[in-house]
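Chemist: Sequence:
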Amino acid sequence: MKIAIVHLRHGYSGGVELYLNKMAAYLAERGAEVSIICRSHEDTPPHPNVKFVRLRGFSIGKTHRLWKFAKSVEKHVQSADYDLVYGLAHAWTHDVLRIGAGTALHMSQALNRPMRFKDRVNNIIERKAMSPGAYYHVICNSHKSASEVQDIHGVPEDKTTVIHNFVDTKKFSAERVAEPALALKQELGVDDGKPVYLFLGTGYERKGLKQALEAFSKLEFPAHMLIVGRETHDGEYKAHAKQLGVADSCQFLGEDKRPELFFALADCYVLPTLYEPFGFTVIESIASGTPAILTENSGAKEVVNEQVATVIGGDVNIDELTQAMIYWADKKRTTEVSQTCRQLALSMDVDIVLEQNYQKLLEVYEMKRAGKASQ
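In terms of full-length UniProt numbering, the sequence shown is residues 1 to 375.
One or more hints might be untrue.
Listed below are the simulated PhoX-like cross-link pairs for lysine-lysine, each with C-alpha atoms no more than 20 Å apart in a straight line [what the hints assert, rightly or not]:
#, residue 1, residue 2
1, 2, 22
2, 22, 171
3, 118, 128
4, 210, 238
5, 128, 75
6, 185, 257
7, 360, 22
No lab work stands behind these hints: they were computed from the structure.
Sequences are here, hints too, so could you generate the full structure?
Modeler: See the structure below:
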């Protein structure tokens with residue numbers, strides 16, 4: 001089977017990119033001829049048998065780049081002979097579409113801001129991508145995402161399938177990384193017995209760092225907070241921590257390619273997100289034996305339970321968040337929550353979930369073949 005996977009950017013950071021690489025490699029290992037259609041890519045493909053098709057036409061600015069890429073994908077696919085085209089975002093030409101990053105409209109609403117020009121263009125691309133006849137099936141990474149596309153874009157319920165995200169339980173294993181995680185803990189100076197709270201992610205506003213800092217400032221016992229991730233305006237958040245009087249207890253560490261170490265050394269992962277279609281980091285934390293705090297705004301709430309996580313309201317009430325942080329402060333040290341977390345994560349292991357995706361793609365492929373044969 002010749003299959004193309006479409007995404008504007010190929011990289012090795014970000015949730016959709018993680019799925020792209022794992023799915024491409026999984027398909028290649030099963031004998032498929034896999035091409036990643038993108039505008040930019042890293043030097044190394046996710047598997048030796050995966051190739052890149054780079055569509056880099058002339059564009060002016062980021063928004064025009066989105067539209068130009070979608071048009072280029074349409075032209076390329078029409079002239080190619082792929083058996084199946086799997087769209088992950090940024091185009092409207094595909095047989096199967098996966099919704100992994102949510103919708104432009106819900107993103108704007110969650111951040112309480114009007115749709116920018118870029119958002120409006122994204123919304124137009126989404127509408128074309130999910131118009132009648134543009135796809136055979138839509139895969140969603142959460143029921144939250146499924147309800148959004150059904151509500152906004154009119155995707156019929158019988159044309160959607162929910163397959164939750166996966167976690168690499170070999171990579172995110174506290175036992176495997178015990179020594180380097182301990183070394184990092186000592187290097188950061190957070191091995192003094194005080195609770196360690198972790199905030200990890202890109203895009204601090206959407207993921208609720210301001211609210212996390214405010215809740216942290218209300219704790220009545222000494223603790224540490226580690227902030228890991230990429231953010232253009234991190235100075236604003238450092239200033240906010242200083243204003244709250246917790247700057248000395250917070251470490252802004254920037255982007256780090258070792259999330260598994262941070263999840264292993266933390267006592268609690270805090271993600272008071274304003275909008276998150278799923279949230280890979282929640283189950284990465286759980287796989288590492290670390291309980292999590294998330295909100296009703298996260299699709300990951302569908303796969304956790306109160307034994308391993310606290311789900312607070314979507315309005316992100318600071319007092320409610322503080323109480324959750326207090327609750328999990330010592331649970332890793334005084335209970336068997338880590339073992340409970342690990343057992344739950346094993347049911348979402350990457351190989352199990354990728355096989356579910358693979359079977360759905362095969363099902364759509366047979367559907368497409370049957371449709372061609374009847375013409």
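Chemist: Now tell me, hint by hint, if it's right for this structure.
Modeler: Here is how each hint holds up against the structure:
no.: 1; hint: 2 x 22; verdict: holds (17 Å)
no.: 2; hint: 22 x 171; verdict: holds (13 Å)
no.: 3; hint: 118 x 128; verdict: holds (16 Å)
no.: 4; hint: 210 x 238; verdict: holds (10 Å)
no.: 5; hint: 128 x 75; verdict: holds (15 Å)
no.: 6; hint: 185 x 257; verdict: holds (16 Å)
no.: 7; hint: 360 x 22; verdict: holds (16 Å)
Going through the hint list in order, the structure satisfies each hint without exception.
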